[in-house]
Amino acid sequence: MTNSNNRRQQLLEVAATCFYREGYDAASMRLIAEQAGMRTASIYYHFESKDALLVAVHEEALHRIQEAVNAALMDVKGEWNRLEAACAAHLEMLLTGGTFFKAVMRHVPSAVEGRELIFKLRDDYERIFADLIADLELSPETDRGTLRLMLLGAMNWTFTWWRPHEGPAPAVLAFRFVTNLRSCLDLPA
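Counting in this note's numbering, the sequence shown tops out at residue 191, every number present.
Treat the hints loosely; a few may be bogus.
[What the hints assert, rightly or not] So the derived label-pair ranges between C-beta atoms look like this:
1. His109 with Arg32: 18 to 24 Å
2. Asp145 with Met107: 22 to 28 Å
3. Glu168 with Ala132: 29 to 35 Å
4. Glu61 with Ser185: 33 to 39 Å
5. Asp137 with Ala113: 34 to 40 Å
6. Ala113 with Ser185: 41 to 47 Å
7. Ser44 with Thr181: 34 to 40 Å
8. Arg165 with Asp188: 30 to 36 Å
[Said to hold, decoys possible] Result set (PhoX-like, lysine-lysine): computed pairs, CA atoms no more than 25 Å apart in a straight line:
9. Lys122 with Lys104
10. Lys79 with Lys122
11. Lys122 with Lys52
Think of the hints as simulated: they come from the structure by calculation, not from any bench. All figures in this text were calculated on a predicted structure; none of them were measured in a lab. Where a beta carbon is used, it is the ideal one built from N, C-alpha and C, also for glycine.
Generate coordinates for the entire structure from the input sequences, incorporating the hints supplied.
Here it is, written out as structure tokens:
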């Protein structure tokens, strides 16, 4: 990796932290530059605007989490086991993967240029879960779209209450989420 790529990656990490801690509006380019140990003007070598930086943070985070979920699904058999493996990878990245993933869980301001791209990236990632849920044998009355949103919403909210040294491991949480889901759908485990 070149020095320019290293610097870009560092900027993404710092920006994700600032966006998470401060919120998008309060995380100024000056603050991000200060936290990255560089001059504000230097950021513009890598990103044309704060909006472009936010989009890049989303691209990186969603790329990483998608890779982790796809890797977790390799060689896993059984529809429910596959859903659990995907949930475990998702939770692992969200809860232990740093602020990148927490930053992308925040609301995307409506004025952000690139907002539609961010939503497309999220939709592309969520398609993994849509496909996994489509493979499940469920009652015809089950609204699979709502089920997907409910599951992702529950997982994405865990970072607000989960404590690394107190809470269950991400894989245990995934098991519990999927087990509870099955029991609520009145399906045998």
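Status of the hints after comparison with the structure:
Range check, His109 to Arg32: about 22 Å between beta-carbon atoms, so the 18 to 24 Å window is met. A hinted range of 22 to 28 Å holds for the C-beta pair Asp145 and Met107, which are about 23 Å apart. Between Glu168 and Ala132 the C-beta distance comes to about 32 Å, which sits within the given range of 29 to 35 Å. For the pair Glu61 and Ser185, the supplied restraint of 33 to 39 Å holds, since their beta-carbon distance comes to about 37 Å.
Against the hinted window of 34 to 40 Å, the Cβ-Cβ separation of Asp137 and Ala113 comes to about 39 Å, which satisfies the hint. Distance hint check: the CB atoms of Ala113 and Ser185 are about 43 Å apart, consistent with the given range 41 to 47 Å. The supplied range of 34 to 40 Å is broken by Ser44 and Thr181, whose beta-carbon atoms lie about 49 Å from each other. Taken as a hint, the range 30 to 36 Å holds for the pair Arg165 and Asp188, whose Cβ atoms sit roughly 32 Å apart.
For a cut-off of 25 Å, the pair hint linking Lys122 to Lys104 stands: about 18 Å separates their Cα positions. Distance check on the hinted pair: Lys79 and Lys122 sit about 29 Å apart at the alpha-carbon level, beyond 25 Å; violated. For the given pair, Lys122 sits about 19 Å from Lys52 by alpha-carbon distance, which is consistent with the 25 Å threshold.
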